[in-house]
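Asks: Here is what each chain is made of, one letter per residue.
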Amino acid sequence: MLRTFLLVGVTAIVMNAFPAQAHGPIFSPGPETLYKDGVESHLEYHRSEKGDETENELAWAIGYGITEDWLISAELPYVRIKEDGNDNDGIGNIVLETKYRFWRRDALGKQDSVSGFAKAILDTAKDTSDPALSSGANDLVLGLAYGQESLIWQRWASIRYRFNGDSDAGIERGNRIFADAAIGWRSKIPQYYKPDLLWMVELNTEYTQRSEQNNISLADTGGTEIFLSPGMIWAYRNFAVKSGVQLPVYNNLNGNQSASDYRAKFALEMNF
Amino acid sequence: MHRLILIITLVVFSGSAYAGEKEHLMQVHGAVCPSCAYGLEKKFMKMEGIKGFSLDFKAGIVSVCTDENIEFEEEELVTLFKQSGYTYKGEEIRDTCTL
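So the sequences go chain by chain: A and B. Numbering-wise, this note's numbering puts 61 at position 61 of the first sequence, and it's gapless, one number per residue. Numbering-wise, this note's numbering puts 69 at position 69 of the second sequence, and it's gapless, one number per residue.
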């Protein structure tokens with residue numbers, strides 16, 4: 001039971017990886033949306049290691065700009081989990097997301113904006129164990145993201161709350177809070193027909209409440225992890241490559257739990 | 001013979017003058033990265049009579065080369081920039097295209 005629960009935890013962590021979006025942070029949401037009638041497609045690879053558990057995920061996502069301020073997107077992941085010599089793979093949980101930018105202030109070479117977003121993580125992964133690919137629940141994420149972008153410096157901050165559904169095993173999975181801050185920098189003012197390279201570093205904080213079963217708190221659940229996450233975006237007009245790694249710098253996990261070793265992401269993105 | 005060569009050369013290298021092009025210079029606010037501005041290029045290049053697009057981020061100037069007979073309504077530009085996620089601030093027109 002404990003092992004199953006831990007594996008569910010690993011899956012949940014990886015599913016938290018936010019789809020990369022044009023010129024936003026890599027591991028956290030930004031306020032960016034897409035131009036009206038624009039289509040964004042990206043392919044992402046995630047890898048995470050935590051104790052003796054390794055997870056690889058390849059996800060394809062597509063987004064559509066209903067208006068310049070309203071984006072909808074869907075993500076289809078394929079997941080492979082390896083733990084204690086056992087591995088399992090298959091379609092992961094499909095993610096549906098909507099984002100609305102409700103405030104924007106434009107100036108010469110500068111843009112400030114705030115968006116609100118909602119993300120549904122559907123229980124579409126196959127129900128098998130050893131190791132499990134899904135928690136067997138639908139989860140909901142709500143959040144806010146702020147961004148201040150200029151020609152050289154970029155700043156982002158976001159907060160998210162994840163309502164975790166109850167698992168098939170009757171466990172009330174603890175909800176999660178994410179708080180993120182990121183800074184981006186490019187060495188020179190971009191030129192439209194030349195490649196653009198942006199470096200960034202993020203601070204990602206994740207707090208998870210204890211889970212419960214039959215109103216009893218489970219000892220080896222919940223806690224806090226903080227990551228320092230360097231990354232980069234290379235872009236040429238409508239094509240972008242994004243990559244980064246999350247390195248744990250602090251953890252305070254309850255009971256006996258393995259802390260994250262690292263998480264990495266590589267994404268290719270194209271707008272049409 | 002020399003006169004003929006001169007005439008041919010003038011005709012060949014004065015293509016843009018014969019085509020009758022002009023350049024629309026539009027002030028944009030909020031443009032901060034090439035990949036974000038792609039929507040703007042896409043929307044302009046879909047329009048009839050558009051020959052070229054560029055964006056100077058530092059000056060905040062969108063340059064669009066068009067056929068000589070192309071005119072943009074201010075309302076049309078406000079909407080186009082808005083739907084691309086930016087703010088339109090005004091337009092100047094040059095008789096020749098430099099793109």
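Among the hints, a few may not be true.
[Unchecked claim] Selected chain B positions facing chain A (Cβ under 8 Å, derived; list incomplete):
(1) S35
(2) K51
(3) G85
[To be verified] In silico DSS-like links for lysine-lysine, alpha-carbon gap of 30 Å or less:
(4) B/K58 with A/K110
(5) A/K82 with A/K188
(6) A/K36 with B/K82
(7) B/K51 with B/K82
(8) B/K42 with A/K126
(9) A/K110 with A/K188
(10) B/K43 with A/K188
(11) B/K42 with A/K110
(12) A/K126 with B/K58
(13) B/K89 with A/K126
(14) B/K22 with B/K46
(15) B/K58 with B/K89
(16) B/K58 with B/K22
Think of the hints as simulated: they come from the structure by calculation, not from any bench. Built from N, CA and C at the ideal position, the CB exists for glycine as well.
Asks: State for each hint whether it applies.
Replies: Tested hints:
1. S35: Since the shortest Cβ distance to chain A is 4 Å, the answer is holds.
2. K51: violated, 15 Å
3. G85: holds, 5 Å
4. B/K58 with A/K110: holds, 10 Å
5. A/K82 with A/K188: violated, 43 Å
6. A/K36 with B/K82: This hinted pair holds, its Cα atoms lying about 9 Å apart.
7. B/K51 with B/K82: Given that 30 Å is the threshold and the Cα spacing comes to 22 Å, the pair holds.
8. B/K42 with A/K126: violated, 41 Å
9. A/K110 with A/K188: holds, 15 Å
10. B/K43 with A/K188: holds, 27 Å
11. B/K42 with A/K110: Holds, because 21 Å separates the two Cα atoms, which is no more than 30 Å.
12. A/K126 with B/K58: violated, 51 Å
13. B/K89 with A/K126: The given pair, whose Cα atoms are some 53 Å apart, is violated under the 30 Å limit.
14. B/K22 with B/K46: holds, 18 Å
15. B/K58 with B/K89: holds, 15 Å
16. B/K58 with B/K22: This hinted pair holds, its Cα atoms lying about 22 Å apart.
The structure fails hints 2, 5, 8, 12 and 13 (numbered hints given earlier, in ascending order).
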